[in-house]
Amino acid sequence: MNARARDRAATIMFWVGAGLVLLILGTLIGYIFYHGLKSIDWRFITSPPQSIRAGGGIGPQIFNSFYILILTMAISIPIGLLAGIYLAEYAGRSRLAEAVRVAIETLTSLPSIVVGLFGLLVFVNATGWGYSLMSGALALTVFNLPFLVRVSEESIRGVTRELAEGSLALGATHWQTIWRIIIPGAFPSLITGIIITSGRVFGEAAALLYTAGMSSPALDFSNWNIFSPDSPLNPFRPAETLAVHIWKVNSEGIIPDVRRVADGSAAMLVMVVLAFNFGARWLGRYIHRRLTAA
Amino acid sequence: MQRMMNSVGNKMETKGLNLYYKNFQALFNVSLPVREHRVTALIGPSGCGKSTFLRTLNRMNDVIEGTRIEGEVLLDGNNIYAPGVDPVALRKKVGMVFQRPNPFPMSIFDNIAYGPRIHGIKNKETLAEIVEKSLQAAALWDEVKDRLHKSALGLSGGQQQRLVLARVLAVEPEVILMDEPASALDPISTAKLEDLIHQLKNNYTIVIVTHNMQQAARISDYTGFFLNGEMIEYDYTNNIFTAPRDKRTEDYITGRFG
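Chains as they are written, first to last, in the numbering used here: chain A, 1 to 294; chain B, 1 to 258.
By construction, these hints were calculated from the structure, which means they are not laboratory data. Any given hint could turn out to be false.
Using 20 angstroms as the maximum straight-line C-alpha spacing, the simulated EDC-like pairs for lysine to aspartate or glutamate come out as follows [what the hints assert, rightly or not]: (1) B/K150 with B/E174; (2) B/K93 with A/E98; (3) B/K92 with A/E165; (4) B/K92 with A/E162.
Produce the complete structure using the sequences and hints provided.
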């Protein structure tokens, strides 16, 4: 085989690889939407689930998923950002930095069910909170933090050295430079990264099975008192999320319309995650344009 | 001649300066005066240490991990590497323009006001005055006065470099360091920048690194020639280019290497 033919063969192989990736994603999404979209209507996404009869919805589960996502992000974004800035700006090759990096790599490769069981011991039992949104959010923080630290570090590093030096050379302190130049410069990719990790958090089930729990109390959506056990806003109540609901309905549901509920929930979940991903790309581009446009 | 050279005071001066990156020595025993209100050019082939030397004058090398310095760098007779000297305060006095224009991704106005704001000026009228004065001094005001609140990234390369210079002027430094400021510019923008440098030396002391020998000859009063981390020769620019004393200087300026 001559060089030209080899070049041709290699090109074809790369195309095939890329094509397979698209095909897998396309098939998966197509399958889920084909089966699920027809069960989604306004009633389905707003009404509570049924435990024995048919006709249940997933309203509280959707709410729980978003609520736990917000709690998780409220805890993990500040920590992730601080650690990311430390690694990008202060750490260099110090021993502490190496330890942090190893910790992040280890956390990244931890199976989420292990995170969930750890959460059961620490955030559920040791705290005495029982299954709760807060326990789930803390478990998800453990699950999410390593990715967020990476996103932050890479975004911060993505800001050119020249801008930072320009600021330092004007007599700005390191902190002034970080706050006024580096963080704004990193903002578009930070936002994109945060939203994409949100998609992962939104779809996570295993870490929540034994932390946020597999059931929700009957919720009164007109009750805004966060200390009340039937208020949806109470962070110390059990909360079954959408992803957990899919797992539970499939594995132990006794309602007659299991397939309808499971397919509809899966389609809903995928739609939200896709919305996160496309939204992240769009928002990142939009902010970038706003910041750099003449 | 010796008497003339001493008639102008030294704004800055290095004495026996050695610089190491970890185990690599980048500068060898460099002693060089920087005359007040004059333009000093540093020339030499790529990698000769001239930019590294420049960055020791405002301690920008501090930012790079593993950098170590021996010897003294004096500003108004005080060693800027002495313990207790705050590099942040030093850089307010010794400003720097970089090789590639590096405007911040914000409006023209905010770019210029960045330094003053950092140093605590909040009054809007004062800031507006500083912005206008600095842009005037950098010969950019007429070109941008109608678009002050547009992004600085929309300016041309030459305009960006003058903007960056205006940004430095806005913090009222005493010394301005320039690291090949025209290397990314077209000939017309370069000529404008050179004119500007010529005017600025009335009020500022300027040190400029350049790989362009014609440029050094045009704009500088004194020239230092660097080679492999050593300062080979320092003299009036005129002397360096017409009657160099060292064979290596002569080889370099006649284009035999570099």
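Find the hints from earlier in the document that the structure breaks and name them by number, from lowest to highest. Numbers 1, 2, in rising order.
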